[in-house]
Amino acid sequence: MQFIIDLLPGVALTMLLWLGICALGFPLGLLFGYALAVGPKGLRVPVVILVNVARGFPGLVVLYFVYSGLPDVGVYLSNTTSVIVAFAFVAAGYTAGIFRAAIAGVPKAQLEAAAVLGLAFWKTQRLVVLPQAFKTVLPPLIGFSVVVLQATSLGYAIGLRELTGLAYNLGAIAFQALPYMLASGLIYLVLCVAISQLAAWLQRRGTRSRVRSGRRRVAPASPAGTSVIRTIPGAGRRTRRA
Amino acid sequence: MSVLWLLLQSLPTTILLWFASQVLGLALAVPIAAARMSKNRVLRTAALWWIEIFRGIPTLVLLFIVFFGLSVNGFSPDSMTAAVLALGFSSSGYLAESIRAGFEAVPRQQTEAAMALSLPPLVKLGKVLLPQAFPVISEGVVSYSIHLFKETALASLIGVVDVMAVAYYLVERGVDGPTVFFFAGAIYLLGCLLLAGVAHLIGRPRRRRRARPAAALREAEVA
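For the record, the sequence lines run as chains G and Y.
Using the numbering used here, the letters of the first sequence map in sequence onto residues 7 to 248.
Using the numbering used here, the letters of the second sequence map in sequence onto residues 1006 to 1228.
Treat the hints as calculated values from the structure; they're not laboratory data.
Keep in mind that the hints are not guaranteed to be accurate.
To be verified - Estimated spans, in silico, between C-beta atoms of each pair: (1) G:L123 <-> Y:M1042: 18 to 28 Å; (2) G:W207 <-> Y:L1130: 41 to 51 Å; (3) G:K141 <-> Y:L1134: 30 to 40 Å; (4) G:L123 <-> Y:G1131: 34 to 44 Å; (5) Y:Q1114 <-> G:R211: 40 to 50 Å; (6) Y:A1110 <-> G:A180: 33 to 43 Å; (7) Y:V1180 <-> G:V51: 27 to 37 Å; (8) Y:Q1115 <-> G:A206: 42 to 52 Å; (9) Y:A1110 <-> G:Q203: 52 to 62 Å.
Said to hold, decoys possible - Covered by chain G, per the in silico footprint, the following chain Y stretches (three or more residues, Cβ under 8 Å): (10) 1054-1066; (11) 1165-1177; (12) 1181-1189.
For each residue, glycine too, the CB sits at the ideal point set by N, CA and C.
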């Protein structure tokens, strides 16, 4: 128990890194996703390269590149910032695919409907595409954030005292490497299980609400999930009143 | 160019590390997946815990636990052995889940049909379930395998001299950082692309064969 209490400052830093990476990486992933889904070819090609680099380079290489490589070209980042920047890039690469699929998954008829209504591109995105894409991406994004949480442990490699680094340091000082490492593993385990339970719960809730709105629909002929109207919030209710 | 050559010289270590942990991971994953799908409640719960534990603990922490932990018990593995053990155990959880996902993707009716034909369990598994589960399983295994190839870079932190370790050493010695890390990353990236390409090539004839399930069934009947 004492070991776990000793490690709490590390947990705080780990959570900070985790939030920082998600807050920076996921919006960047959304931008990449847009570039991949609807961007012009001139934009898509460099983004594809960036995404492949982010996914194909080991996290440790990206981290070292940012922390000990970039100073050679005049960019100096602290170790906390380095971890956030490096893994935000990696996270953007991985989530770009999730976002791309979600944006491309919005039925084409809806875009046509928006065009008929005379909505401008960004207004279509804001009112029609993003609200629907958001629902689709939420469970996989939360699932991916578990991977992000585990990736923060690499901060140890550049001298950060987050959960792993702190456990390593305290273990070295007290000659009790194993208990501290086991304690840190236990903390990671609890955090990860909690996050993935949250994702599973959201997914269950998402399916349940979809089933419910499907049952409420007027036209029973089309199988659930294929109707276009259903997916616009409030549309089902309006049809019923009419 | 000499930088690239120096990095490539340690590539065999990285490949060996990847291959050994992949084999260990698969060897562990098969019985765990079997336990996870068994009718015995105790076995099922134990497998679930195993999977959650090895998926929930970061690979780096697992590396340290194995590296420091096992040396406490009087038998101290060298860094390579520790790395293989840690990477293998951490992959076992993911691989077991992909195996289970493969079997769950097979429609229930197939099991029922096999039971109705009163096929012996091994024939049911080998001729009915496995051929259908295999595409899903191999997809999961390959994508984890690619991930594992990159994860081997962590072994450099406990002293395995792989591509990553050499890259770090070169930068410490004053070689231009961005270049070295770019080359190191490119080696891993090419390795991943190569793995994906090979998997695609192997997967293609299988996809063609899957189109004739009737033949497999006829074989099963004969057996």
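Structure-based check of each hint:
1. For the pair L123 (chain G) and M1042 (chain Y), the beta carbons lie near 51 Å from each other, so the given range of 18 to 28 Å is not met.
2. The hinted window of 41 to 51 Å between W207 (chain G) and L1130 (chain Y) is violated, with their beta carbons roughly 34 Å apart.
3. Separation of K141 (chain G) from L1134 (chain Y) is about 34 Å and conforms to the stated range, judged on CB atoms against 30 to 40 Å.
4. Look at L123 (chain G) against G1131 (chain Y): about 57 Å separates their beta carbons, and that is not inside 34 to 44 Å.
5. As the Cβ distance of Q1114 (chain Y) to R211 (chain G) is approximately 30 Å, the hint placing it in 40 to 50 Å is violated.
6. A hinted range of 33 to 43 Å is violated for the C-beta pair A1110 (chain Y) and A180 (chain G), which are about 49 Å apart.
7. Between V1180 (chain Y) and V51 (chain G), the C-beta spacing of about 31 Å keeps the proposed range 27 to 37 Å intact.
8. Range check, Q1115 (chain Y) to A206 (chain G): Cβ separation about 27 Å, and the 42 to 52 Å hint is violated.
9. Range check, A1110 (chain Y) to Q203 (chain G): Cβ separation about 23 Å, and the 52 to 62 Å hint is violated.
10. As drawn, the region 1054-1066 of chain Y meets chain G at 9 residues by the rule of a beta-carbon pair under 8 Å; at three or more, the given contact holds.
11. Residues of the region 1165-1177 of chain Y with a Cβ under 8 Å from some Cβ of chain G number 4, which satisfies the need for three, so the listed coverage holds.
12. For the region 1181-1189 of chain Y, the assignment as covered by chain G holds, since 7 residues bring a beta-carbon within under 8 Å of that chain's beta-carbons and 3 suffice.
Going through the hint list in order, the structure does not satisfy hints 1, 2, 4, 5, 6, 8 and 9.
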